[in-house]
Amino acid sequence: MVFRTTNPLSQQKRYTMKKIFLSLIVVTNYAIAQSQILMTKNATISFHSHTFLENIDAVNNNVMAVIDGAKKNIAFSLLMKQFDFPRKLMQTHFNENYVESDKYPKATFSGSYTENADLTKDGSYTLNVSGKLTIHGVTKQVQIPATLNVKSGSVTGTTTFKLNPADYNIDIPFIVRDKIEKENTVKVKAEWIQKY
Amino acid sequence: MDSKILSMRLVLPLLLLMAVKPCFSQDSLLSMLEDSAKYGGTTFPVKGTFKAIHIVNAQTVESPAKHDLNFIIMHRFGKLNDGAYNFFGLDNASIRLGLDYGITDRLGVGIGRSSLEKTFDGYLKYRLVDQTDGQKKFPVTISVLGALNHMTLRLDTFVSAKNKTTYVTQALIARKFSSALSLQVSPTFIHFNRYPATRTSEDIFATMVGGRLKFTKRMAVTAEYHYIPSGKRDDLNIKNSLSLGFDIETGGHVFQLVFTNSGGMIESQYIGKTTGTWGDGDIFFGFNITRNFSLGKDKKKKEW
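Here the protein sequences come in this chain order: A and B.
Counting in my numbering, the first sequence runs from 1 upward without gaps.
Counting in my numbering, the second sequence runs from 197 upward without gaps.
Chain B extracted, bound-state conformation (with noise of 0.2 Å):
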């Protein structure tokens, strides 16, 4: 009888303050839906870290949605320490045309062939995980990327095929801080089954630390800069390349000034074979052209 008397004076008041519920007015009503959103908890994928599949040179985290087309020009003029008669290096161009296609909205595949050195290059990207936002949050955007960099251009000495194969494997790590700031690293393992200048097979790790940021809607400024070991690079007497890009995204394009160390636009070229600095003015102005293409049909239009 102890017992029951207990659950009584327990229960009841329990059950009568559940009865007498809060009479809803019309702003009360809106925030019980504010209570229950709360409640069911829904998380995000952070979209958009990046506008474009490339920061300058190197790749981003993105890859074109399902069934997108992103059509790509790169050219960079000559250096600005061609001097004069060359018209600081405006009289020089290479270029690199590339498509990028997305197989699933996290497969991406690409093609390209840049006029330096005559070099086809493809790759396979894959976004593994994505930065969330909401109930379940998650810090970062990882991609994964493998590029094959195969060079035809007819050197004065017999070289096989295979010798002018380059292969890359990246990890690419993104942050989206706010929607304005964006980071990035990546790090880079090259394998040259031939390097030119030492005529031998060469590994080259790198890492990439890069980012955008944003100072209007529409508007950005991109930075990145590789990074390779000194000994590596004192060895194979190259530099470390570092891009600076002015973003200008209108609907489906992106067009970008970019200024460079650099004179490729292809992991083997830009990390591998950069040989000038900025400090010596071999500084290469160019530009990127994005251009995107929906090519999956519409989504059955739902009347609701």
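If we strip away everything but chain A, and leave its shape as in the complex, we get (with noise of 0.2 Å):
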């Protein structure tokens, strides 16, 4: 009833409205298909120290990432505590004396690339990402180059870069020094589903 008196609105208004907004939102919702987000929740990434003496394989399994093919950035983000490593004492060292993850449980990237990729179609592309870096509250400025490979709808980029602990204030005793590669590899693997 009440509509009635506060709405002047023919039907025949009515119904042109509706096809406009609808249009709109179709409209609007194709842009955002364009714009090639892509995320996922298991992107992995690990480090690995090979010396003589000791060799530490710790893997992230639950790493989170995400692409934008249309503005060409790329994000990655982790809880340290996720890391499992094959001997649980190296993991609770690892938390409680190295990377401190009860005060920095985070590392994170952001970052961006400038050659062309289409996400949308099958192929290979090689990117130089720059970004920022951030581990144990220290965030560095880095370049990284990366592959990116499509195929029927997968897109999964990957990368191999060495890091230094020290960048980065992660004190390791002179004690283990010799137990701990002075650069460690890092190697990133993220597959992303492409929706259609």
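Since the hints were derived computationally from the structure, they do not count as laboratory data.
A portion of the hints provided could be inaccurate.
Pairs of lysine-lysine, DSS-like flavour, derived with a Cα cap of 25 Å [to be verified]:
| # | chain 1 | residue 1 | chain 2 | residue 2 |
| --- | --- | --- | --- | --- |
| 1 | B | K333 | A | K106 |
| 2 | A | K182 | A | K140 |
| 3 | A | K106 | B | K413 |
| 4 | B | K332 | A | K103 |
| 5 | A | K189 | A | K121 |
| 6 | A | K132 | A | K182 |
| 7 | B | K243 | A | K103 |
| 8 | B | K413 | A | K179 |
| 9 | A | K179 | A | K71 |
| 10 | B | K243 | A | K179 |
| 11 | B | K410 | A | K103 |
| 12 | A | K41 | A | K103 |
| 13 | A | K41 | A | K179 |
| 14 | B | K333 | A | K41 |
| 15 | A | K106 | B | K332 |
Rough simulated footprint, nothing fancy, chain A against chain B, three-plus residues with beta-carbon under 8 Å [stated by the list, open to error]:
| # | segment |
| --- | --- |
| 16 | 224–230 |
| 17 | 240–253 |
| 18 | 260–269 |
| 19 | 446–453 |
Simulated DEER-style distance windows between Cβ atoms [said to hold, decoys possible]:
| # | chain 1 | residue 1 | chain 2 | residue 2 | range |
| --- | --- | --- | --- | --- | --- |
| 20 | B | Q331 | A | K187 | 27 to 35 Å |
| 21 | A | T185 | B | D476 | 56 to 64 Å |
| 22 | A | T185 | B | R302 | 28 to 36 Å |
| 23 | A | K187 | B | I338 | 32 to 40 Å |
| 24 | B | A376 | A | K162 | 31 to 39 Å |
| 25 | B | H449 | A | T160 | 31 to 39 Å |
| 26 | B | L265 | A | T51 | 20 to 28 Å |
| 27 | B | K332 | A | T185 | 30 to 38 Å |
| 28 | B | H387 | A | T51 | 49 to 57 Å |
Just so you know, these numbers come straight off a predicted model, no measurement behind them.
For each residue, glycine too, the CB sits at the ideal point set by N, CA and C.
Make one complex out of these two single chains by using the hints.
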């Protein structure tokens, strides 16, 4: 009852408006589909330090990764505590003594690339990703080459780079210095599934 | 028709709102991750409440990780008030050698041999609940311990093997307040089949309060106090045990300097047979050395 008195539009007009609104929604949603933002919660980052005395291999399979193909941006975020070590004592030491996970729970990367990569078409691309890497509360500007493979709706990004814990104020005591490589190898793999 | 108009009026602006998503810049891509990280919500068990299996003498909630073996050497010199003739206790020494093994991450088993009264000991420890952090929080870690101490010292009078055995049941409740501070409370029940002084079976109920305070990443002070109700304490003519430790951790080793008024290093001895007090100078100096070995094969290496 109330509506009839406050709504002066005729029924015909109402239907026209409805059509306009609906087409607006369709258009904007289509634009978003074109923006190519892909996200995964199961990217993998592992790091490796192999010395004569001790091998360290830790894997985190719960890395969050997002790529925006239109804007050519890419970002990663992980929880340090989710790094899994074969030796649990090592894992405890990693969290407590080295990266101080209670104080600095996350490591993040946020960067961009300039190369052209169409995430909707099959192909392989080499990207030069540059951006900010934050570990242990320290942010550094880094430049990392990466490859991007697009195959039947799945986008896979991989890279391997060296990382020096000292750059991120991660203190390695003198007594174990021979057991840990000065430069750790970091491997990254993210697989995004394209939704159509 | 009215209700249709109503629904249109409500739904259309909502749909529009949904359609107009914010544009993501480089940093808001990251904040998009942060947001979904928050909603994803993970729960973590709190690890490393204590560095070692023992605070000083008392057991902690910790066991070795699965397939890890800990070798421990516990060593106590004699009493400080033994005087200059005994070089203030350093002429005498008693020792406990122990092995602790993680059957699973929660179930630990240990055996030991003390030179004091030539005693064997064995225990099983199970971690019931983990302290957790994150989405679901639980305040404490709870473990239960069952131990058996068997003395093999030949006595002047014949005492059957059964009567040289002591049973220990303990609940261990600990909380890691911060990476520096952990505290533990352990109500303990000890049953002696035969208590040497009274020559009858005895039950002792004691409560341990102890903790660790880290002052650097690898150094800590530890303390433990075992309280026995005064009635029982007077009956058996024993004292409460107070121990202080100074921990230094280097990789797989934990080295601990110890000051205590108990000569023994197993429950039946440090709870049940402590006779001296700190005030009288009945102070034993000693050390614990723990070495961790990973026996389990490294998990099949994943390339990624």
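Going through the hints against the structure:
A C-alpha spacing of about 19 Å is found between B/K333 and A/K106, which places the hinted pair at or below 25 Å, so the restraint holds. Taking the CA atoms of A/K182 and A/K140, the gap is about 17 Å. The hint holds against a cut of 25 Å. About 20 Å separates the Cα atoms of A/K106 and B/K413, which keeps this hinted pair within 25 Å; it holds. About 19 Å separates the Cα atoms of B/K332 and A/K103, which keeps this hinted pair within 25 Å; it holds.
Between the alpha carbons of A/K189 and A/K121 the distance comes to roughly 20 Å, so the proposed pair stays at or under 25 Å and holds. With a CA separation close to 21 Å, the supplied pair A/K132 and A/K182 stays within the 25 Å bound. For the given pair, B/K243 sits about 15 Å from A/K103 by alpha-carbon distance, which is consistent with the 25 Å threshold. Proximity of B/K413 to A/K179 is assessed by CA-CA distance (about 18 Å); at most 25 Å being required, the pair is judged to hold.
Proposed proximity of A/K179 and A/K71 is contradicted: the alpha carbons are some 42 Å apart, above 25 Å. Taking the CA atoms of B/K243 and A/K179, the gap is about 23 Å. The hint holds against a cut of 25 Å. For the hint pairing B/K410 with A/K103, the CA-to-CA distance comes to about 15 Å; that is within 25 Å, so the pair holds. Restraint check for A/K41 and A/K103: the C-alpha separation of about 23 Å stays at or below 25 Å, so the hint holds.
Restraint check for A/K41 and A/K179: the C-alpha separation of about 32 Å exceeds 25 Å, so the hint is violated. Taken as a hint, the B/K333 and A/K41 pair is honoured in the structure, with Cα atoms around 23 Å apart against an allowance of 25 Å. At most 25 Å may separate the alpha-carbon atoms for a hinted pair to count; A/K106 and B/K332 meet this at roughly 19 Å. For the segment 224–230 of chain B, the proposed coverage by chain A is satisfied: 5 residues have a C-beta within less than 8 Å of a C-beta in that chain, meeting the threshold of three.
Remark: the segment 240–253 of chain B is confirmed as covered by chain A, as 3 of its residues place a Cβ nearer than 8 Å to a Cβ of that chain, reaching the required three. For a cut-off of 8 Å, the count of residues in the segment 260–269 of chain B with a CB near a CB of chain A stands at 3, and the three-residue condition holds. For the segment 446–453 of chain B, the proposed coverage by chain A is satisfied: 3 residues have a C-beta within less than 8 Å of a C-beta in that chain, meeting the threshold of three. Between B/Q331 and A/K187 the Cβ separation comes to about 29 Å, which falls inside the hinted range of 27 to 35 Å.
Distance hint check for A/T185 and B/D476: the Cβ-Cβ separation is about 60 Å, which falls inside the suggested range of 56 to 64 Å. Checking the proposed 28 to 36 Å range against A/T185 and B/R302 shows it holds: the Cβ atoms sit about 33 Å from each other. At about 38 Å, the CB distance of A/K187 to B/I338 agrees with the hint of 32 to 40 Å. For the pair B/A376 and A/K162, the beta carbons lie near 33 Å from each other, so the given range of 31 to 39 Å is met.
In this structure, B/H449 and A/T160 meet the distance hint of 31 to 39 Å, their C-beta atoms being roughly 34 Å apart. Taking the beta carbon of each, B/L265 and A/T51 are about 23 Å apart, inside 20 to 28 Å as hinted. Range check, B/K332 to A/T185: about 35 Å between beta-carbon atoms, so the 30 to 38 Å window is met. For B/H387 and A/T51, the Cβ-Cβ distance of about 51 Å falls inside the hinted range of 49 to 57 Å, so the restraint holds.
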